[in-house]
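Whenever a hint applies, use it, and build me the whole structure from the sequences.
As a plain string of letters, each chain reads:
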Amino acid sequence: MSTRLAKHGRLIDRSKQIAFTFNGKSMQGFAGDTLASALLANGQVMMGRSFKYHRPRGVVASGSEEPNALMQLGVGDRYEPNQRATTTELFSGLTAQSQNHWPSLEFDVLAVNNKLSRFLTAGFYYKMFIHPRPLWKHVYEPIIRKSAGLGAAPDKELKDADTYEHFYFFADVLVIGGGVAGLQAAKAAAASGAKVLVLEQNNFWGGRAPVDGGTIDGEAPEAWIEKTLAELRGMDNVTLRDRCMGSGVYDHGYALGYERLTDHAPGQGGPRHRLWRIRASQIVTATGAIERPLSFAGNDVPGVMLAASMRDYVVNWGINPGQKVVVATNNDDAYRTALVLHDAGVEVVRVVDTRETGGGALMEAVRERGIRVELGRAIAKVKDGKCVTEVAICAQNGEGGARETVQADAVAMSGGWSPVVHLWSHCGGKLIWDEVNANFRPDASRPPLGHDGNGFVVPAGAANGEFGLGALLEDAAAAGAKAAEAAGFPAKTVAAAKGESEAEAQMEAVWLMPAKADIKLRMKSWLDYQNDVKVSDVQLAAREGYESVEHTKRYTTLGMATDQGKLSNINGLAILADSLNSEIPQVGTTTFRPPYHPISLGAIAGEARAEIFQPVRKTPIADWLDKNGADWEPVGQWRRPFAITKPGEDRHAAVNREVKNTRENLGLLDASTLGKLVVKGPDAGKFLDMLYTNMMSTLKVGKCRYGLMCTENGFLMDDGVVARIDEDTFLCHTTTGGAERIHGWMEEWLQTEWWDMKVYVANVTEQYAQIAVVGPNARKVLEKLNAAAGGGMDVSKEALPFMEWRDGKIGEFDARAYRISFSGELSYEIAVAASEGQAFWDALMDAGKEFGVMPYGTETLHILRAEKGFIMIGDETDGTVIPQDLGLHWALSKKKEDYLGKRAQQRSHMVDPERWQLVGLETVDGSVLPDGAYALGEGVNANGQRNMIGRVTSTYHSATLGRGIAMGLVKHGPKRMGEVIEFPGTDGKTYKAKIVDPVFYDKDGEKQNV
Amino acid sequence: MSKAVSVLNGARFSGLATVEDAGLQGMITLRGDLGSSALKAAVKAATGADVPAQGSISVAENGAAAWMSPDELLLLVPYEDAVAKTAEVAEALKGEHALAVNVSDARAFFRLSGEGAREVLGKVSPVDFDAAAFKPGQFRRSRLAQVAGAFWLNDDGNFYIVCFRSVGEYVFKLLSAGAHPQSKVGVY
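Residue numbers (the working numbering), protein chains in the order written: chain A, 1 to 1010; chain B, 10001 to 10188.
FYI, nobody ran anything at the bench for these hints, they're computed from the structure.
Because the structure is a prediction, the values reported are computed rather than measured.
Incorrect hints may have been included.
Stated by the list, open to error - Pairs of lysine to any residue residues, derived as SDA-like cross-links and limited to a Cα-Cα distance of at most 20 Å, are as follows: (1) A/Lys686 to B/Gly10095; (2) B/Lys10184 to A/Pro776; (3) B/Lys10003 to A/Ala788; (4) A/Lys809 to B/Asp10081; (5) A/Lys627 to B/Ser10006; (6) A/Lys797 to A/Lys1007; (7) B/Lys10173 to A/Asn786; (8) B/Lys10003 to A/Ala839; (9) B/Lys10003 to A/Trp624; (10) A/Lys758 to B/Gly10095; (11) A/Lys758 to B/Ser10036; (12) B/Lys10094 to A/Gly685; (13) A/Lys660 to A/Pro776; (14) A/Lys809 to A/Ala788; (15) A/Lys758 to B/Ser10069; (16) A/Lys386 to A/His101; (17) B/Lys10184 to A/Tyr168; (18) A/Lys809 to B/Lys10003; (19) A/Lys849 to A/Ala788; (20) B/Lys10173 to A/Ala605; (21) A/Lys902 to A/Glu727; (22) B/Lys10135 to B/Asn10158; (23) B/Lys10173 to A/Gln614; (24) B/Lys10044 to B/Asn10009; (25) A/Lys758 to B/Glu10091; (26) A/Lys809 to B/Ala10087; (27) B/Lys10003 to A/Gln838; (28) A/Lys758 to B/Lys10135; (29) B/Lys10094 to A/Glu727; (30) B/Lys10184 to A/Lys758; (31) A/Lys809 to B/Lys10184; (32) A/Lys758 to B/Glu10096; (33) B/Lys10003 to A/Asn786; (34) B/Lys10003 to A/Lys1007.
Claimed, not checked - Derived coverage of chain A by chain B (criterion: at least 3 residues anywhere in the stretch with Cβ under 8 Å from a Cβ of chain B; other residues may be distant): (35) 598-611; (36) 616-625; (37) 675-683; (38) 764-771.
Note that CB positions come from ideal geometry on N, CA and C, so glycine has one too.
Have a look at this one:
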């Protein structure tokens, strides 16, 4: 069992006790602990259950590569699953729960899966549950979901209590990693004057060096780290950020940093995470290396740890990992762990070294301390259980027989080191296989390339495959200088710090322990802890024909867990290569994708939550509408009122009231959202003739004309009223959703195709509050305002006829009034300066009282226009509809040589008489047709589906007519007037509707022209 | 002009920086040949300022001209004068191919001041706000989180920010969130 040592622990402050709970049990740790070190200090070696087999699992690493010790942290609105105990800083009141077990960590019913492991091999689910199909959804999947999985999802009713933000930063050189290599590289780069940003994922600097020992410039590494940090902090051109992980490297020197601001102090205020969005000319990846596990049976039993991680726990946090420790290794580095353990007073019962020839000076030092070292030996098996109890030792070069069993409660293993090449690889940096160290390292000749075809990432130190302290520091200094120079700063030679560490003997590549382990052992030798993938699974995949490492990954799930195979990747592909009788470099690695380590969704979303989740566009009248009962609906990024309800009134009752009142008295509509584009220039008329299907150049100054716009493929894309302001200037109204799109459309044609046309376009949509004053009393209210102000614009039929506009005063307001109508009533659309919009609205509401004024919303707008048979872009059109389908031939100029869409509309499919065409639809019983319903035809199509002959495009209850009205597109529709066709609804009913003229109300247009 | 109200109607938030509604501001969009002497003269007459270089704003006593694109300027004039000045510019450019249009009411306008101003903007706009990179007189059309925006740094050390009127409230809340007193980044 693990305990706290009386001494050691360079990162903890023993004077500051911190209380926390694990699975409801109260525990104590120290300031500076991680959750993992604190749990070990409390004897909690077992920290979770495995994904598939529910095997007991303990912490195996000490950093972000940890696959096992995943926790559910916090409660309520700060609850978060799948958090690594190794990267969680301990704080007072922390609550952690282990995952993936039922009913408890100690006793897990589903551990029976462990007994079934010989059946749960790679591809098991694919093979077993594919037939019969319905069973998968209803039987297998629910069971598997319950048995396999990580932490529980947060309560969907709760909202994250924290806030997040982004921050944009620019640097000449970004150094990722604040270990000694990163600091050395930063120092070299900064000396040239480059602006340098250094990111370190931990809350301490210097990486592994203080644990691993050696000397830098003749001193302990810690002294050099402190000195260098002080130096860098004193430079104006250097920014240092700890608790900030370099998470991804992207095209053109873009990188993300994930800064954890309050994870160690929840609720202290301010953002919890900050996502740094960095543009750097050059990026130095000083990301260090990760130790590889050894693949022996029972290498996942709690108490088995990576050797260097065990050393971290001793040196950094003063943890005694066990009373008796076995060290297994294929390299010299693990001897450092034996030395550290021994010097801390822990009994090292055995070092088993696979190498027949053994190691160098470090091994001698271990032997000198009287520790038994066995060469050419291996671990055959660690006995299953909730903690290590027995370790069986055998010859490495065998099948695992002739074992000697020793009693131990912890195992330190080291299979060698793999450079962290992830960030180098994210954007396309290539790797080479290093035979000496048996690992993939960056290929300096094939870096990720920037916009200019030159490399923009420089690897440094252990991340570049340089492990000795001396070589590592020299490499890092060169990398920093190289990056600064590539960023455009004249090289300034900075001597690398002189590092010295013990010389190490050649390591031995060991992918399976023992080398010829039998199947029983291989079925207990874990490659991927988090996804429960074993040596036997990868071998099975190879036997079944999986040759590509990418396919094997997906078939076995190797490396697909939340740790993305940081520990398992190389071991797994080595096993695959062996099974395929291939070489490791030929098999290659899977793709490294960002983020390096999972980052929170909150950090990605940044500030975009709650009120500023999404911009909501507001008209000048929006606040008034909101206070007066608006029932909002989204229209593009705007909110428009569906209806303006009175207290106690539902939205449908409100709509019926609004419709009747507008037809009988006076309605006001906030039409400010309609797009308004000024088009000006000597070629403006010519330009608009090309954009609209009808003729605009002939429009007289002072008049308005309705127009249609089509795409070059002939489909109707927007409509609106165009007003000619002066000889050179037009004002084009677009739909609400079309303003920006049509503005862009116009600019695109002007900039790319018709660049010789002299036309300027400006979007003035938001300059105006535009209010539709609609109904029989519309003129009266305007005249009343004018009378009160003692003059103003003549709004009589004679002075301002239908489809004309005038500038002038209405009441006290500078206004432009358009006599246009989308309702069939007497109607003025009046534009005033947006800043005066609310005042104008108030004046209308006030003056309109005696005329029965009521505001109305978009649904009433829709019904009024549908009663008149006016089409609506987005209802009657869906990107497949041409004006001819809608009976809009009158708006298609026959005089013009060309307009956008004209040629397309002459193609055979477009002139096909079989195209569905617009008609009105009246239900036989007066009910309302379901929106989008299809009309049934005879027979079935080639797919065996019932033939369709039409569909409903708009459907409403008309309060004016007291019945349901609809428009739809129907095959041969206009020729079938009076026929009754059937529309099955999704409610099981079939609706019968008569085909009628789409104009239901005031066919002659008398009401709007008064 | 008491009927006219700016979008935020004087709203103010103080944290890492102070975010303030800068009130009604006359603005004229001017498109045309920025090299033509007629345009230069019209700009000078309307604002007192010269046609600015790319990416910058030229500020005069009672007006300013900001560079929006190779054929577009944003002229700043007193709000009360915007209608008249627009007409004057249009008149001065008669015969030239140019467009002058009053957009004063289509905009929201903010002042961002205080030590944290650079960092607050750096949270919402992908622009280098390092003092060495973004200097007084520079003008930038960019993005404020999810919406379009433009801003410049005035000689007095304040940033002025322009966005569309309809998203004024969003931008005010966005900048206020970025100015949360406990969200200091500490790099500028």
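How the hints compare with the structure:
no.: 1; hint: A/Lys686 to B/Gly10095; in the structure: holds (18 Å)
no.: 2; hint: B/Lys10184 to A/Pro776; in the structure: violated (59 Å)
no.: 3; hint: B/Lys10003 to A/Ala788; in the structure: holds (16 Å)
no.: 4; hint: A/Lys809 to B/Asp10081; in the structure: holds (18 Å)
no.: 5; hint: A/Lys627 to B/Ser10006; in the structure: holds (19 Å)
no.: 6; hint: A/Lys797 to A/Lys1007; in the structure: holds (12 Å)
no.: 7; hint: B/Lys10173 to A/Asn786; in the structure: violated (39 Å)
no.: 8; hint: B/Lys10003 to A/Ala839; in the structure: holds (6 Å)
no.: 9; hint: B/Lys10003 to A/Trp624; in the structure: holds (15 Å)
no.: 10; hint: A/Lys758 to B/Gly10095; in the structure: holds (12 Å)
no.: 11; hint: A/Lys758 to B/Ser10036; in the structure: holds (15 Å)
no.: 12; hint: B/Lys10094 to A/Gly685; in the structure: holds (18 Å)
no.: 13; hint: A/Lys660 to A/Pro776; in the structure: holds (12 Å)
no.: 14; hint: A/Lys809 to A/Ala788; in the structure: holds (12 Å)
no.: 15; hint: A/Lys758 to B/Ser10069; in the structure: holds (17 Å)
no.: 16; hint: A/Lys386 to A/His101; in the structure: holds (14 Å)
no.: 17; hint: B/Lys10184 to A/Tyr168; in the structure: holds (14 Å)
no.: 18; hint: A/Lys809 to B/Lys10003; in the structure: holds (14 Å)
no.: 19; hint: A/Lys849 to A/Ala788; in the structure: holds (15 Å)
no.: 20; hint: B/Lys10173 to A/Ala605; in the structure: holds (16 Å)
no.: 21; hint: A/Lys902 to A/Glu727; in the structure: violated (26 Å)
no.: 22; hint: B/Lys10135 to B/Asn10158; in the structure: holds (11 Å)
no.: 23; hint: B/Lys10173 to A/Gln614; in the structure: holds (11 Å)
no.: 24; hint: B/Lys10044 to B/Asn10009; in the structure: violated (31 Å)
no.: 25; hint: A/Lys758 to B/Glu10091; in the structure: holds (18 Å)
no.: 26; hint: A/Lys809 to B/Ala10087; in the structure: holds (18 Å)
no.: 27; hint: B/Lys10003 to A/Gln838; in the structure: holds (8 Å)
no.: 28; hint: A/Lys758 to B/Lys10135; in the structure: violated (36 Å)
no.: 29; hint: B/Lys10094 to A/Glu727; in the structure: holds (12 Å)
no.: 30; hint: B/Lys10184 to A/Lys758; in the structure: violated (49 Å)
no.: 31; hint: A/Lys809 to B/Lys10184; in the structure: violated (51 Å)
no.: 32; hint: A/Lys758 to B/Glu10096; in the structure: holds (10 Å)
no.: 33; hint: B/Lys10003 to A/Asn786; in the structure: holds (17 Å)
no.: 34; hint: B/Lys10003 to A/Lys1007; in the structure: violated (34 Å)
no.: 35; hint: 598-611; in the structure: holds (count 4)
no.: 36; hint: 616-625; in the structure: holds (count 5)
no.: 37; hint: 675-683; in the structure: holds (count 4)
no.: 38; hint: 764-771; in the structure: holds (count 5)
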